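*Asks:* Sequence:
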Amino acid sequence: MSETSRPVLLSIDGPIAEITLNRPDSLNAVNVEMAVALRDVVAELGERKDVRVVLLQGAGRVFMAGGDLNYFRAAEDKRAASDALIQPIHDAVAALSALPQIVVASLHGAVAGAGMSLAMIADLAVAEQGTVFNMAYAKVGNSPDCSGSWSLPRIVGLRKALEIALLSDDLSAEEALRLDLINRVADKGNGGLVAREMAERIAAMSPAAMANIKSLMRRSLDTSLEDQLDAEAKAFADTACTRDFSEALDAFFERRKPEFTGS
Numbered sequence: 001m002s003e004t005s006r007p008v009l010l011s012i013d014g015p016i017a018e019i020t021l022n023r024p025d026s027l028n029a030v031n032v033e034m035a036v037a038l039r040d041v042v043a044e045l046g047e048r049k050d051v052r053v054v055l056l057q058g059a060g061r062v063f064m065a066g067g068d069l070n071y072f073r074a075a076e077d078k079r080a081a082s083d084a085l086i087q088p089i090h091d092a093v094a095a096l097s098a099l100p101q102i103v104v105a106s107l108h109g110a111v112a113g114a115g116m117s118l119a120m121i122a123d124l125a126v127a128e129q130g131t132v133f134n135m136a137y138a139k140v141g142n143s144p145d146c147s148g149s150w151s152l153p154r155i156v157g158l159r160k161a162l163e164i165a166l167l168s169d170d171l172s173a174e175e176a177l178r179l180d181l182i183n184r185v186a187d188k189g190n191g192g193l194v195a196r197e198m199a200e201r202i203a204a205m206s207p208a209a210m211a212n213i214k215s216l217m218r219r220s221l222d223t224s225l226e227d228q229l230d231a232e233a234k235a236f237a238d239t240a241c242t243r244d245f246s247e248a249l250d251a252f253f254e255r256r257k258p259e260f261t262g263s
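Residues in the sequence shown are numbered from 1 upward in steps of one, following UniProt numbering.
It is worth saying that the hints were derived from the structure and are not from the lab. Check the hints yourself; a few may be wrong.
Here are the simulated lysine-lysine pairs, DSBU-like style, with alpha carbons at most 30 Å apart [unchecked claim]:
| # | residue 1 | residue 2 |
| --- | --- | --- |
| 1 | Lys160 | Lys188 |
| 2 | Lys214 | Lys234 |
| 3 | Lys160 | Lys139 |
| 4 | Lys234 | Lys257 |
| 5 | Lys49 | Lys214 |
| 6 | Lys214 | Lys160 |
| 7 | Lys49 | Lys257 |
| 8 | Lys139 | Lys188 |
Cβ pair distances, simulated, as ranges [as the list claims (entries may be wrong)]:
| # | residue 1 | residue 2 | range |
| --- | --- | --- | --- |
| 9 | Leu225 | Gly262 | 40 to 50 Å |
| 10 | Ser172 | Ser263 | 39 to 49 Å |
| 11 | Glu247 | Ala84 | 39 to 49 Å |
Everything numeric in this text was worked out from a predicted model, so none of it was measured. Idealized CB from N, CA, C, for every residue including glycine.
Start from the sequences and build out the full structure, keeping to the hints where you can.
*Replies:* Listed below in structure tokens is the structure:
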């Protein structure tokens, strides 16, 4: 298989890694091969100390139009087909959420079904004008996967999440921004640029600080105040022992921009 024909592409440019969903002829619909490839790529990035930010994007006209319905239609054993696809893509989602690096989703075209779930599990998201979001699962007679039922009510609240999932209405980029499903709306054709600029700003920060902010925020919704305070105290002390923290203090008092090395 040639590099360009792989279902998921990985490129690394300094501290920023780009994951590209690469089935453009199928609107990046996730099949078993893509699920396995995404799982493996995310696992690889989890071991990379040189990568500080991960950009998640889709090749072609859309980010991701959901699951590969042709795969399910052709399957005689629907349960076995579901298990073969769901397990690796769920492993990938869990690994994305747990990455120490910040994950920024760059969204365009259709962001539907599993694509919307993936977009929501990212830490930050930018969508171009004209992007259309749709949970879509109800339209094909099924229920959410890829963490969609976990992320959506946490972002928009239970009542709105039920409306979005049950009715499967299209949501514009502007409506997604209003609902906090994304962080920025970019001009048409500039989504990748805006997401890259965001990634570069994060990559210039202390990696330990970024990782601890992500970890603390993600655990906070399922943690008691007392446990969260303990976690904050440990994370702060651990980060205070890094060279980057000392560099930040020196830069502050010397009125200059800090240069973080990740140590």
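*Asks:* Under the constraints set out in the numbered hints, which ones does this structure not fulfil?
*Replies:* Hint 9 alone not satisfied by this model.
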